[in-house]
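Asks: If you want the building blocks of each chain, they are given just below.
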Amino acid sequence: MQINLTVNGKARKTDVEDRTLLVDYLRENLRLTGTHVGCDTSSCGACTVHLDGVAVKSCTLLAAQADGCVVLTIEGLAPNASAGELHPLQEGFKECHGLQCGFCTPGMIMTAADLLSRQRNPSEHDIREALEGNICRCTGYHNIVKAIQWAAEHTPAPLLADHHVWTNEPATAAVAAV
Amino acid sequence: MSNKFIGQSIKRVEDKRFITGKGRYTDDIVLPGMLHAHFVRSPYAHARVVSIDMTEAKAMPGVIAIYTGDDVAHINGVPCGWQVNFRNGETMREPKHPMLIPTGDTAKHAGDAVAIIIAETKAIATDAAESVVVEWDELPAVASPADALKPGVPKVHEQFPDNTAFDWSLGNPIDEVDAAMAAAAHVTTLEFVNQRVVPNAMEPRAYIGQYDEVSDKYTLYTSTQNPHLIRLLMCAFVLGIPEHKVRVVGPDVGGGFGSKIFHYTEEALVTWASKQIGQPVKWTSDRSEAFLMDAHGRDHVTKAEMGFDKDGNVMGLRIKTVANMGAYLSTFAPAVPTYLHGTLLQGLYVTPKINIDMTCVFTHTVAVDAYRGAGRPEATYLLERLMDLAALEMGRDPAELRFQNFIPKFDGVTEPGYQTQVALQYDSGDYAPVLERGLEMLGYKDFRAEQKKAAKTNKLLGVGFSTYVEACGIAPSAVVGALGARAGLYESAQVRVQPTGKVSVFTGSHSHGQGHETTFVQVVADKLGIPMEDVDLIHGDSDTVAFGMGTYGSRSLAVGGSAIVKSIDKVLEKGAKIAAHKLECAEGDLEYADGKWTVKGTDKSIGFGDVALTAYVPHVYPAGLEPGLDFSSFYDPANFTYPFGCHIAVVEIDKETGKTTLKRMIAVDDVGNVINPMIVDGQIHGGLTQGIGQALFEGAIYDENAQLTNGTYMDYCMPRADDLPMFETDRRTTPCPHNPLGVKGAGEAGAIGSTPSVVNAVIDALWSGGHKVKDILMPMTPERVWRAMQN
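For the record, the sequence lines run as chains A and B. Taking the working numbering, the leading residue of the first sequence gets 1, the next gets one more, and so forth. Taking the working numbering, the leading residue of the second sequence gets 1, the next gets one more, and so forth.
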């Protein structure tokens, strides 16, 4: 089947096998390999991306379900990624040593971006609750929590208000149908 | 030399690619013409392969090849890298671990593979596997190490009817230990299970085999902790390919924790198959497969006894343990319960008589091998559980009991190392300060008052202590060779100064989260007095790095870092010759600092870059000196290193539900000198969490058919962010006296000390509520804790 969607600000029109998972579409068709697969039960969150501004586990969605949607992956998170700019969360993870092997990191950052878009100043408790669907085996989460706190302190408000300022795409309600 | 980077929390150089999604893990690599593999695995823990019908699968469009055990019967099994013989001298029993189970033979654990399917896409390979019809003759199985030795239980290997791989003992003669225990005023006895846990690196194992006909050369991309070791094992012992015809690359690797040290059958099979087919073959494990196939950790059943005199001095320690090896002997497996465990039973205490009696058994389960700490967590667990329990039983304070029994301070320089009763000689140690600092951070006196108050409410409070010593920085080759290792455990490093004065450092260590690209560069930049930007670390490729033993056993900086320092010393020595020639002075008149050689007492100097250029453009050059500035070194350590520390857990238990909440986790570790405190803290945090996970959440559960019943993240409880508090860490520093950086290693410490502290805290909480239980099975689920409170 053919799907039309916007990924990291670029319109994509692709023929995919009906059963193609969104994560496989991103990794294999688009070669966006920053989104990872760490489990087969939607438990680990390494595959977290944003679908119409909401964090979703891309291993649990068909690419077909993203038809007509706006997808944001780790590669497109920073407003000006191609110029080497970092999103405050990316900076926070580096600043606070919020990553070791790096495998869970993109999913952690995308989940945290979703949290910060909903909550400007989350407490430690809020952050830990929000990360409940993401597993890290290296850091013990301590520095991930600190990284997200750092980002909350250093994120300019407009960036939080709307993920889509840099995609120039309107948020749709498609995710509600998922 | 400069003093800008060592000891500083420099932000990691490698982070940029990971935080932007540009990390390059094996599964991210796509090669032209690449095919995909899927394995047909045994659904039974023990079953005979009667027949395999592949007719339908072979006919499916996109299926390229299917190989069964009969096709690869000529290939050797994956070897074991360590030989531990029976006490009576009988050779260790080492059953073949075949590539695939041939028809007529038996699968020996659930997941044992019978066929590899190679197809154009992963989906086609997976579909085809569904069409393969294997006729199985299911046989009874055994999973628990305690059951494996019972009469009449199913045999894992027909030729070894007692299911024993080997037995082993260490320490003082048993009659001396028996006498010490008989004379003891108090003996604390604990029978417990150190349960099986699953390493669960977040990146599942992935391999790509590629054969190039033109050069007659193979490349294996592998998610490994030690590319050269994999090359050695696969070439020399499995496939019989000359090593110079194989390149092994370990690109970015998403965590290891031991599970990616070992050479696995799938690595050899994709490599072999790529030549048969003439196209690259990729296999990526899924998580369920990882639970079945990655080597697990721990799995001991133990009876431990510690004897004290009437004053509370430890008089003896007697241990009897059965350790599970799984169905086959994995790469390091025999060393883990023996030389990485029995040798640590001295702990921090002056125990005069120690004996361990160990039996290692086969079961119908996947192999058990090194998992973060590897043997040392098991040793620390039994010692520290005994120590806290003894204090409760004798009405002593657990901290005081430890202070009383600590080995006195020794620096290993002005006074000798400490000779234990169990073979090792500790390098340097000063144990009281870490516990003193831990108690201070805890606010011990206030805590006990708070605990008394809590006991009257519906929440119990408990504190648990653990003071550990470990042996890492493995290892002196001669020592491990005498103990059965089939490899040396040195490390190699090459420091190549480029003509412009930029430096490429090649290390045989492998970074899969440890931050070598930062830490090692800090060392090099400081030693050479140049900016960090001028230094690049290269690792993980057998074609660029001369040799390497890899990263495990908290060895990278202590062994790999020392090899780098050796090469830097050679660079500076030769550089001084060139500088002296250029400055027309004697070498002895020069001093090196901040990236330049200066004639002492003058302002005459020459920079590192100018010397480098001269070495490659040797127009004005010392007679007889070779051009170039590029040195390799191998470093074989003189001893293990012995980090130590104190971990303290505070828990709260809900009397109604039995739920344990970890309120505080304090860790004061002495890992020797520290290059990057931020990274060391990160290592400690991660280790603590794995140790806490074992205490409270994790554990492989096998049923009576030896089926793993919790082999997914829906069923196996991984520690998550909302299970944990912020950690409280501090450090003390006792330098290692025998390596040039004075470093000891920090990778495993967190996982070694934390588990018993958490269990001790739960037991302490229960005693404070009047429930005098000695043990609760790990993981200490709410149900288990609740049941313990009902007695």
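Hints listed in this document are in silico derivations from the structure and should not be mistaken for laboratory results. Be a bit skeptical, because a hint or two may be false.
As the list claims (entries may be wrong) - List of simulated lysine-lysine pairs, DSS-like, C-alpha gap at most 30 Å: (1) A/K146 / B/K122; (2) B/K16 / A/K10; (3) A/K10 / B/K122; (4) B/K16 / A/K146; (5) B/K600 / B/K459.
As the list claims (entries may be wrong) - Example chain A residues on the side facing chain B (calculated, C-beta under 7 Å, incomplete): (6) Q2; (7) L62; (8) A64; (9) H97; (10) L99; (11) Q100.
Claimed, not checked - A short list of chain A residues far from chain B (calculated; beta carbon distances all over 12 Å): (12) N4; (13) R12; (14) G38; (15) A46; (16) T73; (17) H87; (18) M108; (19) R118; (20) R128; (21) E132; (22) N134; (23) T155.
Think of the CB as a built atom: it goes at the ideal place given N, C-alpha and C, for glycine as much as any other residue.
Asks: All hints are to be evaluated individually against the structure, with a verdict given for each.
Replies: Structure-based check of all given hints:
no., hint, result
1, A/K146 / B/K122, "violated, 39 Å"
2, B/K16 / A/K10, "holds, 23 Å"
3, A/K10 / B/K122, "holds, 27 Å"
4, B/K16 / A/K146, "holds, 18 Å"
5, B/K600 / B/K459, "violated, 69 Å"
6, Q2, "violated, 19 Å"
7, L62, "violated, 13 Å"
8, A64, "violated, 15 Å"
9, H97, "holds, 5 Å"
10, L99, "holds, 6 Å"
11, Q100, "holds, 4 Å"
12, N4, "holds, 23 Å"
13, R12, "holds, 17 Å"
14, G38, "violated, 5 Å"
15, A46, "violated, 6 Å"
16, T73, "violated, 7 Å"
17, H87, "violated, 9 Å"
18, M108, "violated, 9 Å"
19, R118, "holds, 17 Å"
20, R128, "violated, 4 Å"
21, E132, "violated, 5 Å"
22, N134, "violated, 7 Å"
23, T155, "holds, 15 Å"
Against the hints set out earlier in the document, violations occur for numbers 1, 5, 6, 7, 8, 14, 15, 16, 17, 18, 20, 21, 22.
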